[in-house]
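Bring the two chains, given one by one in their own frames, into a single complex with the hints.
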Amino acid sequence: MNASPVIAVTGLHRGENPQPGSAVIRSLRRVYPELRIIGLVYDSLESGLFSEEDAPDAAFTMSYPGAGEEAFWQRLDAIREIERFDVLIPCLDAEMGPLVDAPEKILERGIRVCLPSAASFKCRDKSKLAELCERTHCRTPQTIAVSDVNSLHQAAVTLGGNVFVKGRYYEARHAITPAAREAAYWHMLEQWGAPVLVQENVLGEEYNVIGLGDGRGHILGSCSIRKMLRTAMGKGFGGMVVRDPQLDAVAQSLIAELRWNGPFELEFVKSEGPKGEYCLIEINPRFPAWCDFPSTLNCNLPAAALELALGWQPREPLRHASPGKFFIRHAIDMTGDIRDLAALTTSGQFFRQPREVIPHPASSRSH
Amino acid sequence: MKLASLPTQIRHNGQPHVLEPAMVAAPAVASHAELASFHFQTVTWQADGFGFDATSGEFFTASPTALVVMQALSEGMARTQILERLTSRFEVTRSTAERDLESFLAELAHIGLTPESN
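As given, the protein sequences belong to chains C and R, one line each in that order. Just so you know, the numbering used here puts the end of the first sequence at 367, numbered straight through with nothing missing. Just so you know, the numbering used here puts the end of the second sequence at 118, numbered straight through with nothing missing.
Since the hints were made in silico from the structure, they are not lab data. Glycine included, each C-beta is placed from N, C-alpha and C at the ideal position. Some hints here could point you the wrong way.
[As the list claims (entries may be wrong)] Partial list, derived from the structure: chain C residues whose beta carbon lies under 7 angstroms from chain R:
1) R226
2) V242
3) R243
4) D244
5) P274
6) P323
7) G324
8) I328
[Unchecked claim] Derived DEER-like restraints, expressed as beta-carbon distance ranges:
9) A106/R x R319/C: 51 to 61 angstroms
10) A36/R x A3/C: 50 to 60 angstroms
11) D48/R x S253/C: 37 to 47 angstroms
12) I176/C x E102/R: 30 to 40 angstroms
[To be verified] Some residues of chain C that are not near chain R, with every Cβ distance over 12 angstroms (derived):
13) T61
14) R315
15) R339
The shape of chain R in the complex, shown without the other chains (with noise of 0.2 angstroms):
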């Protein structure tokens, strides 16, 4: 099995707008229940995929694996602890990880989630 794909949706108005890494997704092996809420940035994610931003407004729903980074980050691991976190609950090759996980890095980025360390 391999690694879910990170697909974060953000809606504007109504409409999602879809963000996806350029990897193909399989399905995962964590489940949304694993997860409690935590905060990652300004935004706090509930178990379920759904993230709200109180200072902005903004909505958005993420995927299991999406959720998995975005707990690691703000929790403060490094990309070679998130990459392990990943490889260990996901059936997933090192490199498909690290090409997902860059390109992951590059979505939140462009949003402004990603903390600056990373």
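Extracted from the complex, chain C is given alone in its bound form (with noise of 0.2 angstroms):
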């Protein structure tokens, strides 16, 4: 291991459907500011590379999950002859499946990960989480998993009619006619593979809890949030940190059951009325868009799973964020340069320089 461990970050893309790495770079230099990070992008337009605050000190393209797991070691190897990173942290769904299935690929590099077992990641796949509501009490809606448009159909009309159509990873479209569910079917079946996901819908406010486990069911710390603002994607926009007992205990029930270790993020829907309930839509097992506002609480729950994959002694404790604080994304433009686009594109990788400082006119004509 490097002296100074050297951590690799991928989802660096904040756009329309925002991934988590640039807000997990970010939590990680508030509480180490020295650290040297890499990102491990897919496309060199990820907006995260080109940011000021939150980039990274260099990035490395990588090999397409379609690609074949073959190709994601390949390139992770060679990308580690040129800068051996010590710590992972992948912050998309379609990475986490390969790495929690071959951990002894990881220890025989000496790669320091903070991911879930093989066990407990597949118990929270979407097509299983029925199963996992029914062990922890849980309420979640009635998911039918479809490979084909006959069947859903089928789904569609046993859950009602009222649908949502969700992809295997991502994605999740609001479906009431035959022509709209068929529609989303397709494009999720194109975009994330077999099987495409129909899903009860569930009427109410959703809540989302994020969160690390200790991989021995304890939660280490929280941070709840009710959405305030969606786009159209459904995507949170906004958010208010709350704290209910109810919703506490069911996070703690199923990240128990699981027996959890790592980040994750819980998705709830509560039912209308008084007496609503929590109702599971799903857990995401990786750290979220928004994983860096709780950071800004005292709650910086990244650092924290950085120290947990490298067995450090915590700089900062993590706290309860307080109920009423709340996050409103704003999109802003970044600024990139033509030379940093070409090297990521040409060589596959990007060492990143020193902003250029263009000075002010007055400035020049007082030299």
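This is how it looks when you write it as structure tokens:
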């Protein structure tokens, strides 16, 4: 291991469907500003590369998940020949499967991670959620996995017609008519592969819980929010911290049952009415894109995950975020330079240079 | 002068949902400044009429008279006592206040904020 560990982070694009990597980098630097962080990217236009505040020190292009696991490991090895990173923080769902399925490959390379076991990872799969919820007495919408159009329509009829059509890893579309269902089905199949999931629509407010499991059934720290703003894609663009013992208890029972190790995000809908119950929609096996928000409230979960991966003593304790604090996402334009783009596109690597400072005309006249 | 209306607004995703009793409103005699912050059910109400529910993350706004009623409920007052407080603080007939109170309690019940004893 390097004297000062080098950290690799993926998922740096904060576009319409924001990825978590840049938020993870920002959180890590809040506690460890001296860290060297590299980005593993799938596209040279991932927006986080061009950020002033949360860009990695260097970036390398990765092979697409579709290229297969062999290509994934080969590329990882090639990158480590140039930049021998010590810790890997994967931030995309599609990367998680190959990593949790091959702990020996991670171990033999000496890479430190903070990941769930393959067993607990599989138990939170969208298609297995009902079984998990039965064991933990947690409500979950009825979900049917389909792999052809006839099954899609049958499933929708079974679930009352008003359903969500969901991708295996990401995305969900609300579909009421057969035509809308079918369009959503083909989109999800093309984007994320089979099976496509058809889920009952539960009406209510959306709540999310981000946290870090210790692998023994305990939650080391967490923050719960109510989604205040949503994009047309259903992505949260604003959230209010809440503190509900009922929600905490549901989250605790799920994480205890899974013996979850590492970052997680639990997504719930609280059914309407005074006695509404939390209904588990899905469990994301990674940090969400809003993970830097709790870090501003002394609940820095990415830093805690890094410490867990390295076996370090926490530099800052995890505290409960105060209810009433909220975040609103603010999209801004990043300035890039064609030289950076060229480096990534041609050589698959890019090392961040200090930004060019353009002097103000008034200052040049005075010299 | 009549009793002011007891409207409460619930805001979800920036879109206010207005809950109003049927009665016709008039300005309140009591001002927001006369009330300290207090807890009613899971909501903390400020003197300016802003309420925040820390368990659900929802927030509300309420009129001065709505605040008086909720503060009375938080103190465990029965309906007759609340009516007395309303008629003593506002220039309103008992029958109007009674009708408004019923309407407002129904609104509170609808959003799950009425104590079971009422």
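Comparing the hints with the structure gives:
1. For R226/C, the interface hint holds, the least distance from its beta-carbon to any beta-carbon of chain R being 3 angstroms, beneath 7 angstroms.
2. Using the Cβ-Cβ criterion of 7 angstroms, the hint placing V242/C at the interface with chain R is satisfied: the shortest such distance is roughly 4 angstroms.
3. Taking 7 angstroms as the C-beta cut-off, the interface hint given for R243/C holds, the closest approach to chain R being about 5 angstroms.
4. Hint status for D244/C: holds, given a least beta-carbon distance of 4 angstroms to chain R, under 7 angstroms.
5. With a least beta-carbon distance of about 3 angstroms to chain R, the hint placing P274/C at the interface is held under the 7 angstroms criterion.
6. Nearest Cβ of chain R to the Cβ of P323/C: about 4 angstroms, under the 7 angstroms cut. The hint holds.
7. Given hint, G324/C at the interface with chain R, holds; its Cβ is 6 angstroms from that chain's nearest Cβ, closer than 7 angstroms.
8. Here the hint on I328/C is broken, as its CB sits about 10 angstroms from the closest CB of chain R, past 7 angstroms.
9. The supplied range of 51 to 61 angstroms is broken by A106/R and R319/C, whose beta-carbon atoms lie about 41 angstroms from each other.
10. At about 58 angstroms, the beta-carbon gap between A36/R and A3/C stays in the expected band of 50 to 60 angstroms.
11. A hinted range of 37 to 47 angstroms holds for the C-beta pair D48/R and S253/C, which are about 39 angstroms apart.
12. Distance hint check: the CB atoms of I176/C and E102/R are about 38 angstroms apart, consistent with the given range 30 to 40 angstroms.
13. Listed as outside the interface, T61/C is consistent with that label: its C-beta sits roughly 38 angstroms from the nearest C-beta of chain R, beyond the 12 angstroms cut-off.
14. Non-interface status of R315/C relative to chain R is upheld: no Cβ of that chain comes within 12 angstroms, the nearest being about 29 angstroms off.
15. The beta carbon of R339/C sits about 42 angstroms from the closest Cβ of chain R, which is more than 12 angstroms, so the claim that it is off the interface holds.
Hints 8 and 9 from the earlier list are contradicted by this structure; the remaining hints agree with it.
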